[in-house]
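Asks: Heads up: the sequence shown runs through residues 1161 to 1473, numbered per the numbering used here.
Quick caveat, the hints were computed from the structure, so don't treat them as lab data.
Please note: incorrect hints may appear among the correct ones.
[Stated by the list, open to error] Quick list of simulated restraints, FRET-style, between CB atoms:
1. 1296 with 1201: 29 to 37 Å
2. 1211 with 1448: 51 to 59 Å
3. 1442 with 1184: 38 to 46 Å
4. 1415 with 1324: 31 to 39 Å
[To be verified] Straight-line Cα separation of at most 20 Å, DMTMM-like style, residue types lysine to aspartate or glutamate; simulated pairs:
5. 1271 with 1230
6. 1429 with 1397
7. 1268 with 1297
8. 1183 with 1213
9. 1432 with 1397
10. 1291 with 1421
11. 1361 with 1321
12. 1420 with 1367
Note that CB positions come from ideal geometry on N, CA and C, so glycine has one too.
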Amino acid sequence: MNKVTVIGAGNVGATVANVLAHKDFIREIVLVDIKAEMAMGKALDTWQQAPVDHYSSRIIGTQDYQMTADSEIVVITAGLPRKPGMSRDDLISTNAAIVNSVTSSVLKYSKNPIIIVVSNPLDVMTYAAYKVAGLAENRVIGMAGILDTARYRAFLAEALDVSPKDIQAILMGGHGDSMVPLPRLTTVSGIPVTELIAMDKLQAIVDRTKQGGGELVKLMGTSAWYAPGAAAAQMVEAIAKDEKRIFPCCVKLNGHYGLKDVFVGVPVKLGKNGVEQILELKLSPDETALLHQSAHEVRSTMDVYDNLPSQPA
1161 MNKVTVIGAG NVGATVANVL AHKDFIREIV LVDIKAEMAM GKALDTWQQA
1211 PVDHYSSRII GTQDYQMTAD SEIVVITAGL PRKPGMSRDD LISTNAAIVN
1261 SVTSSVLKYS KNPIIIVVSN PLDVMTYAAY KVAGLAENRV IGMAGILDTA
1311 RYRAFLAEAL DVSPKDIQAI LMGGHGDSMV PLPRLTTVSG IPVTELIAMD
1361 KLQAIVDRTK QGGGELVKLM GTSAWYAPGA AAAQMVEAIA KDEKRIFPCC
1411 VKLNGHYGLK DVFVGVPVKL GKNGVEQILE LKLSPDETAL LHQSAHEVRS
1461 TMDVYDNLPS QPA
């Protein structure tokens, strides 16, 4: 792949760029931030790491969107991180203005990129980028499910004393407290996790996963970055290499799972065209009810965005 742009040179964006550079399949990675010197410094630091870690991807830091011209994939991490006591919804007004601005700026120079949104509140920011970009819905994707399942799998690996490599899982719904874990579809090397752990312990892990982001905010005073950055980079790789990987991602639903015109996390196939297929699982009535409740909560945040002053029609 020739070019990927990462917008936002904070902790998450810099991690995305660094992880992608180490994967060594992109000719040029452009790291953009309103603070030009920070973007330039982090890009230079990552470039100076190349001789040590043996990669050739060139990283360029800038605040000039002309440098992003002809990007094939754009990762948007720009926005304020959560602070202790702040809900995701508190961020909508401020971060919507940022996401709207950076999306408009990048589309001036890249005709038809695939956009991956990482900014919070994730589901509504993906919706914001979609509305501003005017791209096909398969080309605007939110990164949440990969991170959420990673947290879930990490907690399970610790509880079971097994490698996280062997744990497969799926979560659906909104990113945050309303996410919908599916323990019956969680396996350890093909073994249903329900055969390996007591249900009360499993439920405790599910509950901890739902609060995963908040737990880190309380510990560090800001949002996580290593796992979110790596998760976004994994999406870039799946798309760039046309891997057809199945990941839970935030996408626009059009009748899937009985939901329409709402952005929530569901399993999708990622390839060179972005979202190449939305997979519809056979959910139980209880699981369907939880997914619909989660979608209802996301819809309410989308309504908040739609009612903001000076926002696109």
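Asks: Decide, hint by hint, whether the structure agrees.
Replies: Here is how each hint holds up against the structure:
The hinted window of 29 to 37 Å between residue 1296 and residue 1201 holds, with their beta carbons roughly 36 Å apart. Restraint check, residue 1211 to residue 1448: a C-beta distance of roughly 53 Å satisfies the suggested window 51 to 59 Å. A beta carbon spacing of about 40 Å between residue 1442 and residue 1184 agrees with the range 38 to 46 Å that was offered as a hint. The hinted range of 31 to 39 Å is satisfied by residue 1415 and residue 1324, whose Cβ atoms lie roughly 35 Å apart.
Between residue 1271 and residue 1230 the alpha-carbon distance is near 7 Å, which keeps this suggested pair within the 20 Å criterion. For the given pair, residue 1429 sits about 13 Å from residue 1397 by alpha-carbon distance, which is consistent with the 20 Å threshold. A threshold of 20 Å between alpha carbons decides the hint, and for residue 1268 with residue 1297 the separation of about 19 Å falls inside it, so the pair holds. Simply put, residue 1183 and residue 1213 have alpha-carbon atoms about 10 Å apart, close enough for the 20 Å limit, and the pair holds.
At most 20 Å may separate the alpha-carbon atoms for a hinted pair to count; residue 1432 and residue 1397 meet this at roughly 10 Å. Of the supplied pair hints, the one linking residue 1291 and residue 1421 holds, its CA atoms being roughly 12 Å apart against a limit of 20 Å. Among the hinted pairs, residue 1361 with residue 1321 is consistent with the structure: their alpha-carbon atoms are about 14 Å apart, no more than 20 Å. Among the hinted pairs, residue 1420 with residue 1367 is inconsistent with the structure: their alpha-carbon atoms are about 27 Å apart, more than 20 Å.
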